[in-house]
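Asker: For reference, the chains in residue letters:
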Amino acid sequence: MTLTAGEFAYISGLVRRDAAIVLEPGKEYLVEARLMPLARQTGAATVSEFVTRAQQRPEPDVHRRIVDALTTNETSFFRDGEPFTAMTGMVLPELLTSRSTTRHLRVWSAACSSGQEAYTLAMQLHDNLPHGWTYEILGTDISTEVLARAEAGRYSQLEVNRGLPAAALVKHFERVGSHWQVSPNLRKNVSFRRLNLAAALPALGQFDVIFLRNVLIYFDVATKRAVLERVGSLLKPDGWLFLGSAETTIGIDDRFDRVVTGRTSAYRLRPAGTRNGAATLGMAGKG
Amino acid sequence: MRALVIDDSRAMRLILARIARQLGFDVVEAGNGQEALDRLEELDTVPELALIDWNMPVMNGLEFVSAVRRDTKYKAMTLMMVTTESEQSQIVRALAAGAHEYVIKPFTPDAIVEKLALLGLVKNGVQV
Numbered sequence: 018m019t020l021t022a023g024e025f026a027y028i029s030g031l032v033r034r035d036a037a038i039v040l041e042p043g044k045e046y047l048v049e050a051r052l053m054p055l056a057r058q059t060g061a062a063t064v065s066e067f068v069t070r071a072q073q074r075p076e077p078d079v080h081r082r083i084v085d086a087l088t089t090n091e092t093s094f095f096r097d098g099e100p101f102t103a104m105t106g107m108v109l110p111e112l113l114t115s116r117s118t119t120r121h122l123r124v125w126s127a128a129c130s131s132g133q134e135a136y137t138l139a140m141q142l143h144d145n146l147p148h149g150w151t152y153e154i155l156g157t158d159i160s161t162e163v164l165a166r167a168e169a170g171r172y173s174q175l176e177v178n179r180g181l182p183a184a185a186l187v188k189h190f191e192r193v194g195s196h197w198q199v200s201p202n203l204r205k206n207v208s209f210r211r212l213n214l215a216a217a218l219p220a221l222g223q224f225d226v227i228f229l230r231n232v233l234i235y236f237d238v239a240t241k242r243a244v245l246e247r248v249g250s251l252l253k254p255d256g257w258l259f260l261g262s263a264e265t266t267i268g269i270d271d272r273f274d275r276v277v278t279g280r281t282s283a284y285r286l287r288p289a290g291t292r293n294g295a296a297t298l299g300m301a302g303k304g
Numbered sequence: 003m004r005a006l007v008i009d010d011s012r013a014m015r016l017i018l019a020r021i022a023r024q025l026g027f028d029v030v031e032a033g034n035g036q037e038a039l040d041r042l043e044e045l046d047t048v049p050e051l052a053l054i055d056w057n058m059p060v061m062n063g064l065e066f067v068s069a070v071r072r073d074t075k076y077k078a079m080t081l082m083m084v085t086t087e088s089e090q091s092q093i094v095r096a097l098a099a100g101a102h103e104y105v106i107k108p109f110t111p112d113a114i115v116e117k118l119a120l121l122g123l124v125k126n127g128v129q130v
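Protein chains in written order, with this note's numbering: chain A, 18 to 304; chain B, 3 to 130.
Just so you know, these hints were derived from the structure itself, not from any lab.
We put the beta carbon where it would ideally sit given N, CA and C, even for glycine.
It is possible that part of the hints are untrue.
Lysine to aspartate or glutamate pairs mimicking EDC-like chemistry, simulated, CA-CA at most 20 Å apart [stated by the list, open to error]: (1) B:125 - A:168; (2) B:75 - B:112; (3) A:205 - A:144; (4) B:77 - B:112; (5) A:44 - B:40; (6) A:188 - B:44; (7) A:205 - A:191; (8) A:44 - B:10; (9) B:125 - A:99; (10) A:205 - A:237; (11) A:44 - B:87.
Covered stretches of chain A, going by a simulated chain B footprint (3 or more residues, C-beta under 8 Å) [stated by the list, open to error]: (12) 111–125; (13) 176–188.
Sequences and hints are given; from them, build the entire structure.
Answerer: Structure follows, in structure tokens:
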């Protein structure tokens, strides 16, 4: 059963008031798709029934969940653009020289959430690697729910509006119903698996580039140090590590050198002999 | 800096104008493409940005983009479609006609800000 005009008006009024989002008539399918899981959780048979109940018995918590369902975007394409500018301006040109024999790059999007970062990197590599080069991107996250979304590579219109250049949308995505799906050409190079960064890591091989953004901020110093040590052990000696804009290795793990580029920083492993005592102890402690 | 907001929906013009003003733009509004061309003629300087709906009476957004792109005096104006038209082929048409960016309705204010950042018009939530 589809939404009535009155029910749709109620929902669009709510998200407009609480989130400044305009849902124009014609977007009933979007409301239905986003609210269906919520309707099921609350025992309503249809989205229409769920909305009618919310109208008749307005509760702040239900309203919040409705707005969340229609607005939640945990991450976005090209999020905080600077690291991606550094990728094309500094990292890739250097890797094109240093990997000219293997002509293969491995990139890890740690804590990839619903996959936008991994696919952004795939778009960059696809567009910038010369013919004959190959690449693989691994996306990992602790949540199986977001990984299922990442694996599908399907994004709503609200999500593809966020930070993705229109030219990249039409080049690298295909319209599937009301969603957009990353093209098979990119998806074949991107894989996802569940991983807890706060525990021992499985054998993943070493990476040329690691994106570990907006993860360390949630941890205390000891856990930050442990995570950096594990992740650092999977970075090739001349590889590149990107952290979130509010994160750093400084004062936590001095095996890394900070390289300032544009308005962002990247981190590289210092040659082993140049690390100081504390870092050496840290390495020894790894066992 | 100045932004031209072109949409036949007054409510949508209000929303887009509010976002643009929060970013520091002076805003000029028009209800369709022809009205927007008339506004441009009246202005003493060319707006840096135009936010353009597609489906409007008299002159639609795509026709406006094509008209503006034919006139070199407007070449510095950044053109961003903001429309419910969401077919891939429509986006390709708009980009081919000369639009620089494209936002599909419905959108969040963040989406507008992020697209303007991609275009170099906004940095850290304020005008460059």
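Asker: In ascending order, which of the hints set out earlier in this document are inconsistent with the structure?
Answerer: Going through the list in order, the structure violates hints 1, 2, 4, 5, 6, 10 and 12 and respects the others.
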